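Produce the complete structure using the sequences and hints provided.
In order, the protein sequences belong to chains A and B.
As numbered in the working numbering, residues 1 to 116 make up the first sequence, in order.
As numbered in the working numbering, residues 1 to 113 make up the second sequence, in order.
Warning: the hint list may mix true and false statements.
Selected chain A positions facing chain B (in silico; Cβ < 7 Å) [stated by the list, open to error]:
{"id": "1", "residue": "P39"}
{"id": "2", "residue": "G58"}
{"id": "3", "residue": "P61"}
{"id": "4", "residue": "G63"}
{"id": "5", "residue": "Y64"}
{"id": "6", "residue": "E104"}
Derived from the structure by calculation, the hints contain no laboratory data.
Only a predicted model underlies this, so the values are computations on that prediction, with no experimental measurement involved.
Glycine included, each C-beta is placed from N, C-alpha and C at the ideal position.
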Amino acid sequence: EAQVTQNPRYLITVTGKKLTVTCSQNMNHEYMSWYRQDPGLGLRQIYYSMNVEVTDKGDVPEGYKVSRKEKRNFPLILESPSPNQTSLYFCASSLFSSGTGEGELFFGEGSRLTVL
Amino acid sequence: AQSVTQLDSHVSVSEGTPVLLRCNYSSSYSPSLFWYVQHPNKGLQLLLKYTSAATLVKGINGFEAEFKKSETSFHLTKPSAHMSDAAEYFCVVSEGGSYIPTFGRGTSLIVHP
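If you want it as structure tokens, here you go:
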């Protein structure tokens with residue numbers, strides 16, 4: 001089954017304690033991205049990746065890091081989480097690499113993060 | 001630059017009545033436009049997309065949308081609402097060459113029995 005898998009689905013942590021949210025897709029997509037969803041703001045892109053070792057900032061990259069060492073995996077790293085990073089996070093992948101903007105995004109089921 | 005505005009944060013309908021979710025966009029280039037649906041505690045799922053082919057686009061579950069360039073609109077409609085349609089809906093714009101799609105703030109569809 002084609003899917004995007006995120007872990008953990010729920011996490012409560014404390015300020016400053018490094019954490020990683022993993023994302024894996026089995027569709028051989030080149031494009032992967034991370035979003036955060038906050039009430040009344042819709043989804044905002046944090047980082048995206050066009051292919052292995054190619055990443056770039058989205059609209060709200062501050063406080064986050066990513067890496068793309070393998071095509072299927074795109075982890076999101078919070079080096080020193082703060083309470084304003086409490087949010088619902090989504091990973092997505094797409095056959096978006098042509099740059100036409102036409103590709104459908106396939107989303108994971110989300111990771112709800114609370115930073116105390 | 002691209003932007004998208006969903007004109008209603010909440011829409012409430014009765015089961016069996018028509019649904020209209022409104023979306024206006026702004027784009028410097030020929031855009032691709034999408035509607036996604038998010039059910040509670042789930043990820044987003046594509047309903048339909050417009051990519052410069054037919055202006056009337058049909059999607060899953062009886063939804064459709066019409067691209068109107070003169071009005072810069074891409075409203076989502078369904079002739080008859082079902083209880084299972086209750087969810088959050090997002091309109092998304094993506095310009096050619098852009099890797100950062102812009103999401104609207106979402107419209108919550110409430111369906112009353």
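Taking the earlier hints as the rules, which of them does this structure contradict?
1, 3, 4, 5
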